[in-house]
Each structure stands twice: as C-alpha cells, then as structure tokens.
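Those protein sequence lines, which keep their order, are chains A and B. Residue numbers for the first sequence follow UniProt numbering, beginning at 1 and rising by one. Residue numbers for the second sequence follow UniProt numbering, beginning at 1 and rising by one.
Hints in this document: simulated from the structure, not taken from any laboratory. Among these hints, one or two may not hold up.
Stated by the list, open to error - In silico DSS-like pairs for lysine-lysine, Cα to Cα no more than 30 Å straight-line:
(1) B/K101 / A/K31
(2) B/K101 / A/K106
(3) B/K106 / A/K101
(4) A/K101 / B/K31
Predicted, not measured: the structure shown is a model, and the values here were computed from it.
There are 2 protein chains.
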Amino acid sequence: MNQPPEHPLSTTPSHAAHNAAPYRSINFAEKFGLFQDQWRQKVLAQMNDYQFKLARLQGDFIWHEHAETDETFVVLEGQLRIDFQDGHVLVSAGEMYVVPKGVMHKPFAEQEVKLLLIEPCGTVNTGNAGGSRTVSSDEWI
Amino acid sequence: MNQPPEHPLSTTPSHAAHNAAPYRSINFAEKFGLFQDQWRQKVLAQMNDYQFKLARLQGDFIWHEHAETDETFVVLEGQLRIDFQDGHVLVSAGEMYVVPKGVMHKPFAEQEVKLLLIEPCGTVNTGNAGGSRTVSSDEWI
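Here chain A stands alone, though its shape is the one from the complex (with noise of 0.2 Å):
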C-alpha cells in the first residue's frame, strides 16, 4: 500500500482543478468491502494528528489501558460491550463511548462489530499490555 500523503482522502484546490473529480467522501461500507480480517484496525483519514480507523471485532480482546489518551468507539454496525474493572458499557450502532485515558478496559463482542475509532496517530491496540495481540497502528485502507 502507499504511504499516505498528509492528507489522503482530501485534495488541496490545486490540485483539484487538474482532477475531474477531486474531492471525495469515504464511505465506511465500501470501505469495509475490502477487508474481513478482525482485530485488525484500518486507517481511513487522519485530522490533524489523529486517526479514523475501521475496525471488525467479535470475542475478546485483552485488558488494557491507554496512559496517555482517551480513546472513542463509534458504532456503526452490532453491538460492542466494553469491560470496566467495575462494570461495563453496551454501544450499540448509533451509539458512542469515550473511554478515559488511565483507565483498564477491555472490548468484547458476540456477534461481529463494525467500528470507528478515532485515537492520536500511533496509538497502540493493546495500549500497556502488549503481546501477541498488538497490530500496526497505521495501517491505511
């Protein structure tokens, strides 16, 4: 895949008007149409120095918290639970959580949910944790 120029989903003026159809939106459908793989979160678009990224989750993930930044869950498609140290959260398609930076969490699925999350760029899946479940962070789609 290319390395995303600084703004990859947005064209400047100037290059737009060499462009027919310059500006587009992304679709998150269509993006989803080009990857099955779960746990595996996709860069679509980034805003200044954070990123939107896709992600298909079902099961469970690790505990884990991120010491540095809140992190946001949009749904888009099921249901996502997650898990506090004292309780938990159900989000569903329509729904939004922000998850405070410092604190222990754990996402857990039953049936396959489509997300949006939006984080700093370079926030890593398994924030302190760690191990076999951390992917790149900037993988773009």
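Based on the hints, put chain B in the right spot on chain A.
For chain B alone, coordinates are given in the frame of chain A:
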C-alpha cells in the same frame, strides 16, 4: 446547563462503584431529540482536547476556513455538500470527510442533514469569517 465535568459522558471506576448505571453510551438519535435548531452545534463528548458535536444543517452557510485545524464531518442522516473554491464534495449518511486546515469551504444542505463534527475544543463554526452566524463552540447537550 451545568458545566460539564472533565469527562462528562463517561465515569471513572471510583465513581462507577457508587452508581447503579454508571457507564452510559451516547446515543445520537436520543441527543438529536433534545434540540431542533439548525446551525447550532451541540457538544456531546470530549476526547483529550477534541470535541464531538452534533449539528442539524439546512441551506447555505458562509465561506470560511480554519487556519489552525482540520475539521471532520461525519454524516449521520441526509446529505451534506461542502463547496470549495474549485469544486465540491457530497457527503451522505455513512460517509465522512476531513476538510484540511486553511482550505476555504462552505457547507450546504438542500434538506436537513444531521452531522457529527469532530474538531479541537474552541473551534469556532465560522472560522476566520466571524459575523452573525457565529455560535458558541461550547454548548453541551
């Protein structure tokens, strides 16, 4: 409206222990039911120093740019057109677009469109343009 706490829509585990239903997702449809006014975005949630805002737009906005930040539009219902000086992009429900910083743009919607906006705290809706269409950038819902 009360001043929002640091993480108004999530709770810390210590808080959670004293509350029967402490963890609540944010439901977009429920929040849209709380306001009908167009062009007055409402803050839903905060992630670090970024905010998630809901907005209802219809008709024409004004030309403006944000000199210091990109701005993200996620369309939840309807269709948004963002005009640029040399073209436009159509963003429909299930799609998003990131307007790069410093790019002049003008949102437009023929029918009411419902949006999720993501941008840094303090971002003013009219950017550099100011004027009568400017609204508070920190009205929580």
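Outcome of the hint check:
no., hint, verdict
1, B/K101 / A/K31, "24 Å, holds"
2, B/K101 / A/K106, "35 Å, violated"
3, B/K106 / A/K101, "35 Å, violated"
4, A/K101 / B/K31, "24 Å, holds"
Checked against the numbered hints above, the structure breaks hints 2, 3 and satisfies the rest.
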